[in-house]
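A.B. asks: Here are the chains, one letter per residue:
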Amino acid sequence: MAISSPDLLETIIDVAPDSTLSRLRALRPDIVRHTQGSYDVLLCPADPGGLSLAERALIAASVAEASSHPTLAQHYRGLLAQRGEPADGERRETILRHVARVTTAPGTASRAHIEALRAVGLTDRDIVALTQLVAFVSYQVRAAVGLALLAQGQAT
Amino acid sequence: MRAKRFTLEAVDWESWLQPVTIDTATPAQRAALEASPQAGSAYFRTLANDVDSLAERSPLFHAVMYVPRGLKRAERELATVVTSIINGCVYCSSVHARRFVELTRQPEIIRALYEQGLDAPLEPRLRAIVDYAARLTRQPAAMTVADLAPLRAVGMSDLEIHDLTNAIAMFANANRLMQTLGEPVQPDTNAA
Chain A
1 MAISSPDLLE TIIDVAPDST LSRLRALRPD IVRHTQGSYD VLLCPADPGG LSLAERALIA
61 ASVAEASSHP TLAQHYRGLL AQRGEPADGE RRETILRHVA RVTTAPGTAS RAHIEALRAV
121 GLTDRDIVAL TQLVAFVSYQ VRAAVGLALL AQGQAT
Chain B
1001 MRAKRFTLEA VDWESWLQPV TIDTATPAQR AALEASPQAG SAYFRTLAND VDSLAERSPL
1061 FHAVMYVPRG LKRAERELAT VVTSIINGCV YCSSVHARRF VELTRQPEII RALYEQGLDA
1121 PLEPRLRAIV DYAARLTRQP AAMTVADLAP LRAVGMSDLE IHDLTNAIAM FANANRLMQT
1181 LGEPVQPDTN AA
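Residue numbers (our numbering), protein chains in the order written: chain A, 1 to 156; chain B, 1001 to 1192.
Everything labelled a hint here was simulated from the structure, so no lab data went into it. Ideal Cβ placement from N, Cα and C applies to all residues, glycine included. Among the hints, erroneous ones may be present.
What the hints assert, rightly or not - One-sided excerpt, in silico: chain B residues whose CB lies under 8 Å from chain A:
1. Ser-1053
2. Val-1067
3. Gln-1179
Stated by the list, open to error - Where chain A lies over chain B, by a calculated footprint (3+ residues, C-beta under 8 Å):
4. 1087-1098
5. 1163-1169
So here's chain A without its partners, still in its complex pose (with noise of 0.2 Å):
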């Protein structure tokens, strides 16, 4: 993975070494471990079941985007670019509409949405990573505008 890194927030939120910022996560090791362990297990999975690496490089790029968060976008992106676009077809626009029901009105779904994934071939555990990943990167957004937030108050 060319693009990964060993903590892609820091990276995403351009933080200085020996910054308040750096130093404020050091404080707090388990959370960037395990934000950085999360997106390692559902961008990267060594076995990523029903659901392709490229698939899961457009859901994560869909929800950057519906976030309106263009750098974690364009990096997703970047990920989706190497691995190659998901087929068009049923399948896709499925799997599309139902990232971005979760991403911006969760409140609505249903358990007909459910059936919509099952029928385009989608297992229990692919629905599950799927709706991790959206809801992954919907932490990892504001995650990364609160921190730079932070970062930039700093300097001032």
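Dock chain B against the given chain A, drawing on the hints supplied.
C.D. replies: Structure of chain B alone, referenced to chain A:
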């Protein structure tokens, strides 16, 4: 019956998938469940279908919500309730509102938020927390460094702001899992 209203009562949760059963769990699933807050719950057993992501998420959640020092636990809980109200997560808000009340003995703060909305009158420090949580939940991309000023004005340190940010972000995560893999149900109708 689906639970629709924000409450300080306990709520159950019913999965739309097939939760892993303890009897048939692999050793890795069992280990990931044991590291989760409630190993036996249908929610964590549902997440155990994708064991590697659960094995990372549970320690992440634990560190964000319970790591010592920095932002007080009750204030982390309050921020997660605000995020859960905005995202409409009846189950998450019930659990974390009750944690907030256990820690503070102030159910009236939660009732005010439930009944009057997020603009309910609050003391300045809680007001600043609620406003920051609402903004980071709804419009992260529109935020600027000015959004930190109210937190600093009530004396919040950088470490506290760091912890607050992570708690809010964690519930952008939790609310999405909880609301799209199953639904909250009234305990008395969930005898199974």
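A.B. asks: With chain A as the partner, please determine if Ser-1053 of chain B meets the hint condition of a C-beta pair closer than 8 Å.
C.D. replies: Since the shortest Cβ distance to chain A is 4 Å, the answer is holds.
A.B. asks: Taking beta carbons only, do three or more residues of the region 1087-1098 of chain B come closer than 8 Å to chain A?
C.D. replies: holds (count 3)
A.B. asks: For the hint on Gln-1179 of chain B, just tell me whether its beta-carbon gets within less than 8 Å of chain A.
C.D. replies: With a minimum Cβ separation of about 4 Å from chain A (threshold 8 Å), the hint on Gln-1179 of chain B holds.
A.B. asks: Has the region 1163-1169 of chain B got at least three residues whose CB is nearer than 8 Å to a CB belonging to chain A?
C.D. replies: Since 6 is at least three, the answer is holds.
A.B. asks: Report holds or violated for the interface hint on Val-1067 of chain B, using the least CB-CB distance to chain A and a cut-off of 8 Å.
C.D. replies: Constraint on Val-1067 of chain B satisfied, holds at 6 Å.
Every hint from the earlier list agrees with this structure, and none is contradicted.
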